[in-house]
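*Asks:* Line order of the protein sequences matches chains U and A. Residue 50 in numbering that gives the first Met the number 0 is what sits at position 51 of the first sequence, and the numbering runs on without skipping anything. Residue 112 in numbering that gives the first Met the number 0 is what sits at position 113 of the second sequence, and the numbering runs on without skipping anything.
Mixed in with the good hints there might be a few duds.
Where chains are identical, the list cannot tell them apart; a pair therefore holds if satisfied intra-copy or between any two copies.
[As the list claims (entries may be wrong)] Here are the simulated DSSO-like cross-link-like pairs (lysine-lysine), alpha carbons at most 27 Å apart as the crow flies:
| hint | residue 1 | residue 2 |
| --- | --- | --- |
| 1 | K146 | K106 |
| 2 | K146 | K32 |
| 3 | K139 | K106 |
| 4 | K146 | K70 |
Source of the hints: derived by calculation from the structure; they are not laboratory data. All figures in this text were calculated on a predicted structure; none of them were measured in a lab.
2 protein chains.
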Amino acid sequence: MVDIIHRVGVRASASSVYTALSTTDGIAGWWTKETTGDTRIGGTLNVRFLAESGQEIGSMNMEIVELIPDKTVHWRFTSGPDEWIDTDVVFDLAEDGDYTIVLFSHKNWREAIEFTAHCSMKWATFMLSLKDLVETGIGKPSPTDIKIDNWN
Amino acid sequence: MVDIIHRVGVRASASSVYTALSTTDGIAGWWTKETTGDTRIGGTLNVRFLAESGQEIGSMNMEIVELIPDKTVHWRFTSGPDEWIDTDVVFDLAEDGDYTIVLFSHKNWREAIEFTAHCSMKWATFMLSLKDLVETGIGKPSPTDIKIDNWN
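Construct the complete structure from the given sequences, taking the supplied hints into account.
*Replies:* And the structure:
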């Protein structure tokens, strides 16, 4: 199995970061504006990605597997790109001085393919967006996300 | 072994991207301004990272293992952080329409630790810097690099 892992530090409380990861308004502020669903453990969230023209370029469902306030958010993808089905995204939070350190992982890819490399880059830009959102109030969620290549 | 992989698309020729990866002036434009050494195959490059105060916060040597013009740049680290020794960085380039696609990999980490996750994020920001440098002439090399956490 292959994992994407990133570490980012947000100059804010773990509680602020946790809110951005565990509410639809929060996720809509850094990942995609089109975030809907049930944010409770066992609930399903839907995230949709639109081109600037408004055309849908992607949609995924994820189950909320675990929520530990100010510590852990764990999602498992149940629909979306084939490569994402049954993969897990986990955010582990820990305060360290002025920062909350976010250990991000997108785990259990079947193989490391070009799409994995694309997603690793995109997740990094969304981690910068999460940091911006919590620190300044303004993130870069889709469709205003940072474009990295010819796939988005 | 653990690999960091990223995919980025640069709106420029493979030749322009290759120049940014295979010359000291190029590398100084996107990774660190403090880049010196012998850019030929078998040569050694030294890269140093300074805090904005001017204090050195890191230094690495890498051997140029392979250079295929407009296709491949392959480095192997010979000094620097323990975790980097004997790891490989490879850039594979391929033109696709208006883009040159860069497949970046930092291969052969002994384990996936928090420092690996930090480096994965930092490499992603340096890939954005490479893209900016080649597309606009202005990258974000150290010490003007994007800061991501409490380690830099």
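*Asks:* Identify every previously stated hint that the structure contradicts and give their numbers, smallest first.
*Replies:* Violated hints: none; all satisfied.
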